[in-house]
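*Asks:* Sequence:
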Amino acid sequence: MPKIVDHEKQRKRIAEATWTVIMRDGIEKATVRNIAKEAGMSAGALRYYFSSQSELLAFSMKLVSERVRKRIEAIPRSTPPLEGIKRCLLEILPLTNETKKEMEVWLSFTQRALWDSELQPLSKQIYNELQTAIKMLLELLGHLGLLRPDVSIELETERLYALVDGLAMHGIMQPDKLSPSQMEEIVEYHLRSICR
Numbered sequence: 093m094p095k096i097v098d099h100e101k102q103r104k105r106i107a108e109a110t111w112t113v114i115m116r117d118g119i120e121k122a123t124v125r126n127i128a129k130e131a132g133m134s135a136g137a138l139r140y141y142f143s144s145q146s147e148l149l150a151f152s153m154k155l156v157s158e159r160v161r162k163r164i165e166a167i168p169r170s171t172p173p174l175e176g177i178k179r180c181l182l183e184i185l186p187l188t189n190e191t192k193k194e195m196e197v198w199l200s201f202t203q204r205a206l207w208d209s210e211l212q213p214l215s216k217q218i219y220n221e222l223q224t225a226i227k228m229l230l231e232l233l234g235h236l237g238l239l240r241p242d243v244s245i246e247l248e249t250e251r252l253y254a255l256v257d258g259l260a261m262h263g264i265m266q267p268d269k270l271s272p273s274q275m276e277e278i279v280e281y282h283l284r285s286i287c288r
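Read left to right, the sequence shown gives residues 93 to 288 (our numbering).
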């Protein structure tokens, strides 16, 4: 009887092998051959799931985005609003081994998207989704009457996005200078500065 293969599970396994190669060797070594070897399969078998390196990298990045979204959706609705919003923002930051891995992959992907035209639409899409999510969090604060009345939603969306993005980059590039607890404290401090 032929073996039944869960293709989506296999694609995720390949994506995780891609993350491992990127983190260990850099994105320039994330070739089909190296990823196939890491996943314990032939390059031909890998090409059955992904026809190009860019397609594989795009799927790997979508998987990062999906994981972040699932963690955010798992935050209980009963969480007090300000705490819930803080927790949403913290899910983007490299505070755990899992989120550090995701952020390293994200930074590598973003760098490659600067010159890989196949990856640029996805890079822009994820940027826009994150920016929209931050704007929605701020609008929620406003709707609940927690946001200071002088705060511009448009400007604060850009500022908060830049803060989170900068903390994420510093958390990866300078982990000895910016601890997870410091990142959390900075996010909380900023949220309190824009709230009543």
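FYI, nobody ran anything at the bench for these hints, they're computed from the structure.
Just so you know, not all the hints are guaranteed correct.
[Claimed, not checked] Computed list of lysine-lysine pairs in PhoX-like fashion (alpha-carbon distance at most 20 Å, straight line):
| id | residue 1 | residue 2 |
| --- | --- | --- |
| 1 | 192 | 162 |
| 2 | 104 | 227 |
| 3 | 227 | 216 |
| 4 | 104 | 178 |
*Asks:* Sort out whether residue 178 lies within 20 Å of residue 104, counting only the CA atoms.
*Replies:* The hint is violated at about 29 Å.
*Asks:* Taking only the CA atoms, is the gap from residue 192 to residue 162 under or equal to 20 Å?
*Replies:* holds (17 Å)
*Asks:* CA of residue 104 to CA of residue 227, is that 20 Å or under?
*Replies:* Between residue 104 and residue 227 the Cα gap is close to 30 Å, so the pair fails against 20 Å, i.e. violated.
*Asks:* Next pair to validate is residue 227 with residue 216; report whether the Cα-Cα distance is within 20 Å.
*Replies:* holds (16 Å)
Against the hints set out earlier in the document, violations occur for numbers 2 and 4.
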